[in-house]
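Respectively, the protein sequence lines represent chains A and B. Take the first sequence: its position 35, counted from the start at 1, is 34 in numbering that gives the first Met the number 0, and no numbers get skipped. Take the second sequence: its position 113, counted from the start at 1, is 112 in numbering that gives the first Met the number 0, and no numbers get skipped.
Please keep in mind that the hints were generated in silico from the structure rather than gathered at the bench. Please note that the accuracy of each hint is not assured.
Claimed, not checked - Straight-line alpha carbon distances no greater than 25 Å define the calculated SDA-like cross-link-like pairs of lysine to any residue that follow:
| id | chain 1 | residue 1 | chain 2 | residue 2 |
| --- | --- | --- | --- | --- |
| 1 | A | K118 | A | E180 |
| 2 | A | K118 | B | L54 |
| 3 | B | K53 | A | R170 |
| 4 | B | K53 | A | E114 |
| 5 | B | K33 | A | S166 |
| 6 | A | K174 | A | E134 |
| 7 | B | K53 | B | M0 |
| 8 | B | K53 | B | E130 |
| 9 | B | K53 | A | A151 |
| 10 | B | K53 | A | L175 |
| 11 | B | K33 | B | Q115 |
| 12 | B | K33 | A | G173 |
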Amino acid sequence: MEFHTDMVATSSISDASLVARCRAGDDEAWEELVRRFSRYVLAIAQQAYRLSPADAEDVFQDVFARTYERLGDLRNDDAVRPWIAQLTRRLCIDRIRAGSRELPDPLAAERGADETLEKLDEALSVQDAMHAMTEPCREVLDRFFCRDESYAVIGAELGLPSGTIASRISRCLGKLRDQLEGRRPGPRPS
Amino acid sequence: MEHLLYGVASAERTPAAGSAAAAAAALAAALVAKAAQRSRDVWPEAGGAIAQSKLLDTRLWALAEELEASYVAAIDALDSGDPDAIGKQLPQAAEDALRLANIAADVAELAAETGQRCNQAHHADVSVAAELAHAAAWSGAHLVNVNLLSRSGDRRSGEARLAVGRARASVENLASGG
Numbered sequence: 000m001e002f003h004t005d006m007v008a009t010s011s012i013s014d015a016s017l018v019a020r021c022r023a024g025d026d027e028a029w030e031e032l033v034r035r036f037s038r039y040v041l042a043i044a045q046q047a048y049r050l051s052p053a054d055a056e057d058v059f060q061d062v063f064a065r066t067y068e069r070l071g072d073l074r075n076d077d078a079v080r081p082w083i084a085q086l087t088r089r090l091c092i093d094r095i096r097a098g099s100r101e102l103p104d105p106l107a108a109e110r111g112a113d114e115t116l117e118k119l120d121e122a123l124s125v126q127d128a129m130h131a132m133t134e135p136c137r138e139v140l141d142r143f144f145c146r147d148e149s150y151a152v153i154g155a156e157l158g159l160p161s162g163t164i165a166s167r168i169s170r171c172l173g174k175l176r177d178q179l180e181g182r183r184p185g186p187r188p189s
Numbered sequence: 000m001e002h003l004l005y006g007v008a009s010a011e012r013t014p015a016a017g018s019a020a021a022a023a024a025a026l027a028a029a030l031v032a033k034a035a036q037r038s039r040d041v042w043p044e045a046g047g048a049i050a051q052s053k054l055l056d057t058r059l060w061a062l063a064e065e066l067e068a069s070y071v072a073a074i075d076a077l078d079s080g081d082p083d084a085i086g087k088q089l090p091q092a093a094e095d096a097l098r099l100a101n102i103a104a105d106v107a108e109l110a111a112e113t114g115q116r117c118n119q120a121h122h123a124d125v126s127v128a129a130e131l132a133h134a135a136a137w138s139g140a141h142l143v144n145v146n147l148l149s150r151s152g153d154r155r156s157g158e159a160r161l162a163v164g165r166a167r168a169s170v171e172n173l174a175s176g177g
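Isolated chain A, as found in the complex (with noise of 0.2 Å):
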């Protein structure tokens, strides 16, 4: 019997499985790479270290080349995460240095920045254990949550009494919780 994991949707795929495929020269595992850190490696950039869009367009460009020519020195590949965040932080400070700008307090400058990344940590975490939980459950969250609906409206487009939302949401917001403590502790980079 033939496997072919290459018809195996990127999208879905762990951390480290995508990174095992990104190694091989997997062509389409690189774009769900690229897909799945860019917005994370902007935001360090703008939200952590206040780069100009520009700067934080050039810090990405470089970013993902050096992923590109270095993947094969990750020794831990569940932790391509921290890894993509240092080395997006490293960057950012070169680029601040590069154009002779002084960071005004570097302690309070790095603190800064870790307490973005920790943030930006954490709506990923949220992020991927929502796609890991069941449609329906994803359904319920995205709309009372994310989409401001009211129980009534929620209730109306999923063909469910309105009474019956607030304990949907409960359970699947245990869900989500019981996905995040099964994350944790996140690895470290390698």
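Once you have looked at the hints, place chain B on chain A.
Okay, now just chain B, sitting in the frame of chain A:
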């Protein structure tokens, strides 16, 4: 809350009825959160109710600001006598009041759900929460009608009635021990 009470009792135009009703619904959401917090030992999904009540609370305080702004704009439009301004500002005020009715009805439904699952020592808290939320939903529906200048048959008026019905059903559900 104390600041709101001083403001409502003052001679200023705002805060007024919209904020008072939103605050009542926010208090209801807080009571739901308390009942859920104190029921974690018997209700594994209590955290879900707490998260929902916090989000509804956030929506209510944000809406209170919008209600006051649309109320002031509506009064200014009526004072000006400009039909274009009246035609624009009053429907906006009605939309905001409808959102109040809907969020308050959500709080009442969350109270009913919590009443079924929580430690029954806190049933009175969620019953009061549902009553407060029902009052807020009714207030929202009333403000919808006021801002529509009592035009019957308007979509918003019908939707507001449905929201009040949801809130009332939650109160009855809790009263019957359901």
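To see whether the hints hold, each was checked on the structure:
no.	hint	verdict
1	A:K118 to A:E180	16 Å, holds
2	A:K118 to B:L54	19 Å, holds
3	B:K53 to A:R170	17 Å, holds
4	B:K53 to A:E114	23 Å, holds
5	B:K33 to A:S166	17 Å, holds
6	A:K174 to A:E134	13 Å, holds
7	B:K53 to B:M0	16 Å, holds
8	B:K53 to B:E130	18 Å, holds
9	B:K53 to A:A151	18 Å, holds
10	B:K53 to A:L175	17 Å, holds
11	B:K33 to B:Q115	15 Å, holds
12	B:K33 to A:G173	19 Å, holds
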